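Heads up: the sequence shown is residues 1 to 206, going by UniProt numbering.
None of these hints come from the bench; they were simulated from the model.
Among the hints, erroneous ones may be present.
Below 25 Å or equal to it, Euclidean Cα-Cα: the simulated DMTMM-like pairs (lysine to aspartate or glutamate) are [stated by the list, open to error]: (1) Lys-138 / Asp-55; (2) Lys-44 / Glu-142; (3) Lys-187 / Asp-77.
Between beta-carbon pairs, the in silico distance windows are [claimed, not checked]: (4) Asp-68 / Asp-121: 35 to 41 Å; (5) Asn-99 / Asn-143: 22 to 28 Å; (6) Tyr-97 / Gln-73: 39 to 45 Å; (7) Asp-68 / Glu-166: 37 to 43 Å.
Keep in mind the model is a prediction, meaning the values are calculated, not measured.
Heads up, the beta-carbon is just placed ideally off N, CA and C, and yes, glycines get one too.
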Amino acid sequence: MKYIYLCRHGESEYNAKKIVQGHIDTQLTEKGIKQAKALGEFLKDKNIQKIVSSDLKRAYQTAKTVADILGLQVNVDERVREMHFGTWEGLSYDWIYQNAKDHFYNWLSNPVKHPLPKQEDPHHFEKRLRLFWEDIKKSKEENILIVGHGGSIQGLLCIVMNLGIECLWKFRHDNTGLSLVLSNNSKDEVKFINLSFHTEKDFRLL
Numbered sequence: 001m002k003y004i005y006l007c008r009h010g011e012s013e014y015n016a017k018k019i020v021q022g023h024i025d026t027q028l029t030e031k032g033i034k035q036a037k038a039l040g041e042f043l044k045d046k047n048i049q050k051i052v053s054s055d056l057k058r059a060y061q062t063a064k065t066v067a068d069i070l071g072l073q074v075n076v077d078e079r080v081r082e083m084h085f086g087t088w089e090g091l092s093y094d095w096i097y098q099n100a101k102d103h104f105y106n107w108l109s110n111p112v113k114h115p116l117p118k119q120e121d122p123h124h125f126e127k128r129l130r131l132f133w134e135d136i137k138k139s140k141e142e143n144i145l146i147v148g149h150g151g152s153i154q155g156l157l158c159i160v161m162n163l164g165i166e167c168l169w170k171f172r173h174d175n176t177g178l179s180l181v182l183s184n185n186s187k188d189e190v191k192f193i194n195l196s197f198h199t200e201k202d203f204r205l206l
């Protein structure tokens with residue numbers, strides 16, 4: 001039985017500024033680093049044997065912070081990077097709400113039917129995540145941490161739960177929110193989604 005933990009990166013510069021990121025390569029804020037450290041401390045007793053991260057800085061920094069605490073190396077795999085959001089990358093959410101609110105909410109309800117201009121094809125996005133997931137399940141390690149992005153982590157959960165990629169934004173993953181999938185040869189089972197109490201303000205490690 002594999003225990004596969006799925007984690008979104010810590011707070012990034014563009015998260016703090018409320019700007020769409022996608023493939024724009026921003027770094028963690030001070031808060032994001034603290035979140036990553038809290039995550040690492042939380043995972044100390046989980047016997048994590050392998051860490052796999054997106055190649056984008058905000059995910060890699062999160063993974064490296066956890067890896068340093070756990071005494072592990074980070075394996076980088078660009079297949080778990082965020083979806084490319086086309087011409088909306090770099091736009092503020094304030095601008096979107098003022099100028100394209102209806103399109104934004106339609107896209108959230110179904111990114112296949114209502115794509116963003118020049119965004120990554122959702123089915124291509126789903127395919128690269130599915131290939132990534134199949135390779136993860138072949139890993140010899142039993143306890144694995146995957147550090148990705150809101151879209152890529154939720155996309156993996158859609159795959160595990162046999163939901164279409166149309167459901168990508170039906171739920172959310174907070175910064176360093178943690179989900180757990182139990183996996184064996186016959187099935188995958190989601191145990192919890194978006195556990196995040198380790199990032200609460202009163203958590204002593206912050």
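Please write out, lowest number first, the hints stated earlier that are contradicted by the structure. Number 5 - this is the single hint that the structure violates.
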